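Trainee: Spelled out from the first residue to the last, the chains are:
Number of protein chains: 2
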Amino acid sequence: MKIAQFGLGPIGIETLKLAATKSWVNIIGGIDIDPAKIGKSLGELTGVPALASAKVYPSLETLLAAAGKPDVIFHTSVSKIKAACDQIEPMARHGISVVSSCEELLFPALRDPAAAAQLDATCKKHGARVLGTGVNPGFVMDVLPVCLTGVCRSVKAIHVQRVVNAATRRGPLQKKIGSGLEPAAFEKLFSEGKAGHAGLKESAALIAHCLGWKISNITETCRAMVADHDITTPHVSVKKGQCCGLHQYGEVTVGQEVKITLDLKMYLDAPNPHDSCQIEGEPALSMTISTGVAGDSATVSAVVNAAPRILKAPPGLLLMTDIGVPSFA
Amino acid sequence: MKIAQFGLGPIGIETLKLAATKSWVNIIGGIDIDPAKIGKSLGELTGVPALASAKVYPSLETLLAAAGKPDVIFHTSVSKIKAACDQIEPMARHGISVVSSCEELLFPALRDPAAAAQLDATCKKHGARVLGTGVNPGFVMDVLPVCLTGVCRSVKAIHVQRVVNAATRRGPLQKKIGSGLEPAAFEKLFSEGKAGHAGLKESAALIAHCLGWKISNITETCRAMVADHDITTPHVSVKKGQCCGLHQYGEVTVGQEVKITLDLKMYLDAPNPHDSCQIEGEPALSMTISTGVAGDSATVSAVVNAAPRILKAPPGLLLMTDIGVPSFA
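Quick mapping for you: the protein sequence lines, in order, are chains A and B. Quick note on the working numbering: the first sequence kicks off at 4 and runs consecutively. Quick note on the working numbering: the second sequence kicks off at 4 and runs consecutively.
Derived by calculation from the structure, the hints in this document are not laboratory data. Hints are not guaranteed to be accurate.
Pairs involving identical chains hold if they fit within one copy or between any two copies, as the list cannot separate such chains.
As the list claims (entries may be wrong) - Each computed SDA-like pair below joins lysine to any residue, with the alpha-carbon atoms no more than 25 Å apart: (1) Lys315 - Ala120; (2) Lys159 - Ala53; (3) Lys159 - Trp27; (4) Lys159 - His277; (5) Lys159 - Thr291; (6) Lys197 - Val257; (7) Lys40 - Pro274; (8) Lys25 - Arg156; (9) Lys315 - Ala119; (10) Lys159 - Val28; (11) Lys20 - Pro175; (12) Lys268 - Ser293; (13) Lys25 - Gln259; (14) Lys72 - Pro61; (15) Lys128 - Leu63; (16) Lys268 - His238; (17) Lys268 - Gln281; (18) Lys72 - Pro52; (19) Lys315 - His129; (20) Lys315 - Asp123; (21) Lys191 - His250.
On a predicted model such as this, the values are computed, not experimentally measured, just so you know.
Excised from the complex, chain A in its bound form (with noise of 0.2 Å):
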């Protein structure tokens, strides 16, 4: 399968990595726009000695004159649904198949129906397949507890939750969610959609819609998660009483009633990370992953996990839920 990567931040540089060591991928270039990329091979931009022949292009058209056409592109560069659409219309256009972490592109049709039909229709038009994916949102707070109800006769209401400890995530990650900002200051930010988790409201809808719930009203709250102890790491130094964290909660009614809570706890030293999910329904359901399901890692994999089942699903804007069970590739 060739494979071309699509930003060349830290997540792509781990996508590729992680790609490089599958037998079934041929990675032929990467494309980003950091002048300072540009023209280097991915080999020294990876330190993995078999991608030296591979090259960094500025744009999609130049790598298509030079490598050639991929079958797949992971993307992995933007986290808003207008930017991620710029950005693969074109690739779709070309009939190439599209796995990206863009958060909102988990559920595009939840931010911008128009933009979500264009491209499905461009994938339809040129055989194209796109999916957005990763860990979260894209298994933990969505497909994993719409898998459970796979064996429900009934359901309720579905509850998630999820406690990171972000002291052992990446630096931007521990930047996002606030840490060393006054409170107020972050959830200023995230009101302002400058700060926070992205893609909870997509988790919810994905939920719903599996469960053929029409939506009444989403919410989302998102609240400063205080120190009560000085925290360094390498990335971050964080004062008794700063921000170290967010407390984010996702909520859908449908009619009169709370279908679905999305609880989502980051922040540095949280104590007892794990995800756990319960289904309200015959047969209720409590599941907990111990520790959690790791962050950076496990989106990179899950991208790059996603390919082959993408290939073998019908072109289009493709949902998670609607490809096969999620599998290591």
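Following the hints, position chain B against chain A.
Mentor: Chain B in isolation, oriented as in the chain A frame:
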């Protein structure tokens, strides 16, 4: 969706009762060879008044002649692949899709690759989809562990444990696990293929298939669980020292390495029933469903919930992991 039910034993009746609650289901009839049931109404057999006009027919052909062609048949009559293929082949030849609780149909190529290939060819020729599913096999010891590996960058081994308190289950299951027999007598029955849990090897084979592991050896053992006190259920009476259930264990080696272990305990008064799974890999994952997934109700749910998903899949003899993610329907 026009539905017919093949096999009107306890699981078939429960399948019908659940299907009758679904707005997307139109039940047109049942098929059973029991003379006491033929000609009766499904309303009478299930106690569901809405099914009063649907009848029991002695064969597929008589149902087709009298009630028309169903889109999907729920098949809940046998555990063995050969018998299932013989019953399902004529349905597929009519282009009718089938969701079956036949345990060996979860991974049909394991025991009878020739029959599986033939049924697959028939399905493709006539536009039918056939799927084997259930809660175990079909979900907790195979599909769910596979699903977890979707966020793994490497998988070294997979271990699954299921503990079921059989005292909460239906009478036939309490007998199938040897309740009230002498332990040696039960173990002899198991060795003759006349008792025990069907489908453990299929679960292991499905996991290996999804992970791309070439099985060197697949083994299965079964020991009696011995009652440490007298146990009485509505269905069986067991004296201390008699068999009160089973401990069945399956193992897959690839080369010299043990890659999959499946450990199943089903016995009367089992404490702490649960389903758990550990993925040895990166990230390592440890999942538990406390109290476990109740068997009978969940199996019926898995069968009914699968119907909309198979109709979206391309024709063929399908695997649970090839179609969309399990979901309440």
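Trainee: Hint by hint, note whether the structure agrees.
Mentor: Quick rundown of the hints versus the structure:
In this assembly of identical chains, the alpha carbons of Lys315 and Ala120 lie at most 25 Å apart whether taken from the same copy (21 Å) or from different copies (20 Å). Proximity of Lys159 to Ala53 under the C-alpha cut-off of 25 Å is restricted to the inter-copy arrangement: shortest distance 24 Å between copies versus 51 Å within a copy. Taking CA atoms no more than 25 Å apart as the test, Lys159 paired with Trp27 passes between copies only; the shortest distance there is 19 Å, against 42 Å inside one copy. For the identical chains of this complex, Lys159 and His277 are neighbours both inside a copy (23 Å) and across copies (22 Å), given an alpha-carbon limit of 25 Å.
Both within a single protomer and between protomers do Lys159 and Thr291 lie at most 25 Å apart by alpha-carbon distance, with minima of 19 Å and 21 Å respectively. Neither within a single protomer nor between protomers do Lys197 and Val257 lie at most 25 Å apart by alpha-carbon distance, with minima of 29 Å and 49 Å respectively. Neither within a single protomer nor between protomers do Lys40 and Pro274 lie at most 25 Å apart by alpha-carbon distance, with minima of 39 Å and 59 Å respectively. For the homomeric pair Lys25 and Arg156, the shortest alpha-carbon distance between copies (10 Å) is at most 25 Å, but the shortest distance inside one copy (39 Å) is not.
In this assembly of identical chains, the alpha carbons of Lys315 and Ala119 lie at most 25 Å apart whether taken from the same copy (21 Å) or from different copies (21 Å). Within a single copy, Lys159 and Val28 get their C-alpha atoms only as close as 43 Å, which misses the 25 Å cut-off; across copies the closest is 20 Å, which meets it. In the homo-oligomer, the alpha carbons of Lys20 and Pro175 lie at most 25 Å apart inside one protomer (19 Å), although the nearest pairing across protomers, at 52 Å, exceeds that limit. For a Cα distance limit of 25 Å, the shortest separation of Lys268 from Ser293 qualifies both inside one copy, at 15 Å, and across copies, at 23 Å.
With identical chains, the CA atoms of Lys25 and Gln259 are at most 25 Å apart between copies only, with a shortest distance of 22 Å across copies and 49 Å within one. With identical chains, the CA atoms of Lys72 and Pro61 are at most 25 Å apart within one copy only, with a shortest distance of 15 Å there and 57 Å across copies. Taking the shortest alpha-carbon separations for Lys128 and Leu63, only the intra-copy value of 19 Å comes in at or below 25 Å, while the best inter-copy value is 41 Å. With identical chains, the CA atoms of Lys268 and His238 are at most 25 Å apart within one copy only, with a shortest distance of 19 Å there and 48 Å across copies.
For the homomeric pair Lys268 and Gln281, the shortest alpha-carbon distances inside one copy (17 Å) and between copies (24 Å) are both at most 25 Å. For the identical chains of this complex, Lys72 and Pro52 are intra-copy neighbours only, at 22 Å inside a copy versus 60 Å across copies, given an alpha-carbon limit of 25 Å. Taking CA atoms no more than 25 Å apart as the test, Lys315 paired with His129 passes in both settings, with 16 Å inside one copy and 21 Å between copies. Taking the shortest alpha-carbon separations for Lys315 and Asp123, both the intra-copy value of 17 Å and the inter-copy value of 17 Å come in at or below 25 Å.
In this assembly of identical chains, the alpha carbons of Lys191 and His250 lie at most 25 Å apart only when taken from the same copy (14 Å versus 57 Å across copies).
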